[in-house]
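*Asks:* The whole structure should be built from the sequences, with the hints applied where relevant.
Take our numbering: the final residue in the sequence shown is number 727, and no numbers are missing along the way.
Any given hint could be a false lead.
Capping the alpha-carbon separation at 25 Å, the derived lysine to any residue pairs in SDA-like fashion look like this [claimed, not checked]:
| hint | residue 1 | residue 2 |
| --- | --- | --- |
| 1 | LYS509 | LYS611 |
| 2 | LYS402 | GLN608 |
| 3 | LYS424 | THR590 |
| 4 | LYS424 | LYS372 |
| 5 | LYS509 | GLU565 |
| 6 | LYS509 | ASN579 |
| 7 | LYS336 | LEU346 |
| 8 | LYS82 | ILE331 |
| 9 | LYS611 | GLU565 |
| 10 | LYS372 | PHE105 |
| 11 | LYS411 | ASN579 |
| 12 | LYS336 | PRO348 |
| 13 | LYS275 | HIS233 |
| 14 | LYS509 | VAL429 |
| 15 | LYS82 | ALA282 |
| 16 | LYS402 | ASP380 |
| 17 | LYS336 | GLU565 |
| 18 | LYS372 | GLU350 |
| 19 | LYS402 | ALA282 |
| 20 | LYS82 | ASP280 |
| 21 | LYS611 | ASN579 |
| 22 | LYS372 | LYS318 |
| 23 | LYS264 | HIS225 |
| 24 | LYS82 | ALA332 |
| 25 | LYS275 | ASP119 |
| 26 | LYS318 | ALA282 |
| 27 | LYS275 | GLU294 |
| 28 | LYS264 | ILE302 |
| 29 | LYS336 | ALA282 |
| 30 | LYS318 | THR249 |
| 31 | LYS411 | GLU401 |
| 32 | LYS82 | PRO168 |
Ranges between beta-carbon positions, derived for each pair [as the list claims (entries may be wrong)]:
| hint | residue 1 | residue 2 | range |
| --- | --- | --- | --- |
| 33 | PRO397 | GLY322 | 43 to 53 Å |
| 34 | GLU722 | ALA581 | 23 to 33 Å |
| 35 | ASP526 | ALA282 | 56 to 66 Å |
| 36 | ALA581 | GLY322 | 36 to 46 Å |
| 37 | SER442 | GLY222 | 48 to 58 Å |
| 38 | GLU714 | PRO397 | 27 to 37 Å |
Honestly, the hints are just simulated from the structure, not real lab data.
Cβ coordinates follow ideal geometry from the N, Cα and C atoms, glycine included.
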Amino acid sequence: MTPEISADPQLDQLAVNAIRFLAVDAIEKSASGHPGLPMGMADVGYIVWTRFLRHDPTDPHWPGRDRFVLSAGHGSMLLYSLLHLSGYALSMEEIQNFRQLGSRTPGHPEYGHTPGVETTTGPLGQGLGNAVGMALASRMSHARFGTPEFSPADYRVFGIAGDGCMMEGISHEAASLAGHLRLGNLVMIYDDNHITIDGDTAITFTDDTPKRFEAYGWHVVKADPYDHADLTRALEAAVAETGRPSLVICRSHIGYGSPKKQDTKHAHGEPLGAEETIAAKRKLGWPESPAFLVPAEVRARFAARAAELARERATWNAKFDRWRTADAARAAMWEQFVEGRVPPGLVEKLCESAPTTKAATRAHGSAVLQKAAALVPSLVGGSADLEGSNKTKIEGSPAVTPQDFSGRNLYFGIREHGMTAVANGLGLSGFIPYSASFLTFTDYARPGMRLAALMKLRHVFVYTHDSIFLGEDGPTHQPVEHLAALRTIPNLLVIRPADGLETAAAWGLALERRDGPTVLALSRQNLAPLLRPASFTFGELRRGGYVLRDVDSSQSAKDAITFIATGSEVGVALDAAERLATAGFATRVVSMPAPQLFAQQDEAWRARVLPPGGRRVSVEAGVTDGWRGWVGDRGLAIGIDRFGESAPAEVLAEHFGLTGEAVARRVREWATRG
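*Replies:* Printed below as a string of structure tokens:
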């Protein structure tokens, strides 16, 4: 929508410099930050936010808003200046407390922390991937909820990416997928300043970026970022191109206006310094004092834009009310989607029809996924070219294609890094995404997994082939350190189920969880269903660990050997425990699919499952370091503290001592030694 207020070049330049020097002053006060991008891209930020971006400063979560993603998150003060001036709940005090403990203006933008920040950025290229996911989410939600008269999800995504974003491999993956899907509601602006921390990009980066993006299927246009008419023309062309994503290339100048630091690496990651700050203000005609100056005319300009946006929001609200009245059922589904609701007691609902056959947990996962998808319409996802192996297809739903976005199955291609960031973008936009690959390839996905945990996104990571028992593919594909490594990521819940019932509970826990992502680590090999005590209830599956085999009434649990196992090794532990029991040892078996969740339980439950004083043995086909805290100094951790081998699964079990017989023999020797 074209702004109602005519451009005033003098006032526009005043506003641009207000943005520019709010950033400079904040960075100078904190003695830390990146002034180069805010100085170089202030004009771009101003034009996008005052002439193109549809948003509501009084309601940062308004569904009808356009999204703005600062992929080059080191330039955070550009975004904070724009949010402050636009009227978001980001005070001047917060601007002045940039990068300070407890402020709402951290060094890089953080989702859920600062009003108006759409995603956490900083690791370069991740924001570009998120932006692709947001644009895809708009297309997909429009296909579900839009009508010829109105769509509550028809928004655009604008973003700024820098040279570092373009170098990172994730940008190739995400941009390729966006071009394939023809996401014409995505406009990325390239801050092409030719400078990184080490200096001129010519030392490492001589790609023909325009041709690269054209080859991906993008619409590419160049603009002078300091010529507002030319920049507006380019952005209008990008917005008008609805059949392809657009890249607007701006040959910018890092540290624009700084006499000594413009176009140098020194403008990137260090304050200008007091002397150079004054020099830059003089060069651009800005008062040397006071710091943090915002002229009244600039406040009035942004207030006028806010008034325009309020009228646009009112128009949207009227259309929304008519749409809601015309189709109450669709509107109810939209409300459920926006609120991220799932049915209450989802764990129990999924457990009630859990698979009971002997099968791989990846196969059980597929069966559970079908019921979960029926109960949770916002659940969508796919695999990194491994759908047949991951078994993550939602049956009865088409694939998402450039021609039809109504489906629920996404084909991400061999792009784990990009897949994770794109799926995070879906999760930031109302969908509950799942993404899938082999567990060893979390090495490729880990940056996005970590950011999902940091942002507290509900994202289900379905990773199969969870151990050496995938077999002949060998050590390159056999995860051994991955479970332990993933469990160290704060707020990332890892669940490794042992049979169909535990798999059903794992899916339920992941979908119920609203404050973080979940990894489902699923097996390739078949696992027998577990026999549980008569007293067992589904509620125990919410605890992360529970007793599967207990001592009889004549024995003391505190004197018994307690096996703690996950996934495919639960059956091994049961076999070993029974062999030892036959030899006269008191044994117990605890299935602990989610150690992190078990650690959060009340002391009474933990003591019931793992009585203090007993001898403990952990069994998991991976590195043992993470289990030493559970088994204690007297305990035994059985696992694999080396890389695997290429051989059939049953041969590997014998070779690595992970059969019931081998485990029982080792535990008996350990227990006998004392």
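*Asks:* Need the list of violated hint numbers for this structure, in ascending order.
*Replies:* 1, 2, 4, 6, 9, 15, 16, 17, 18, 19, 20, 21, 22, 26, 36, 37, 38
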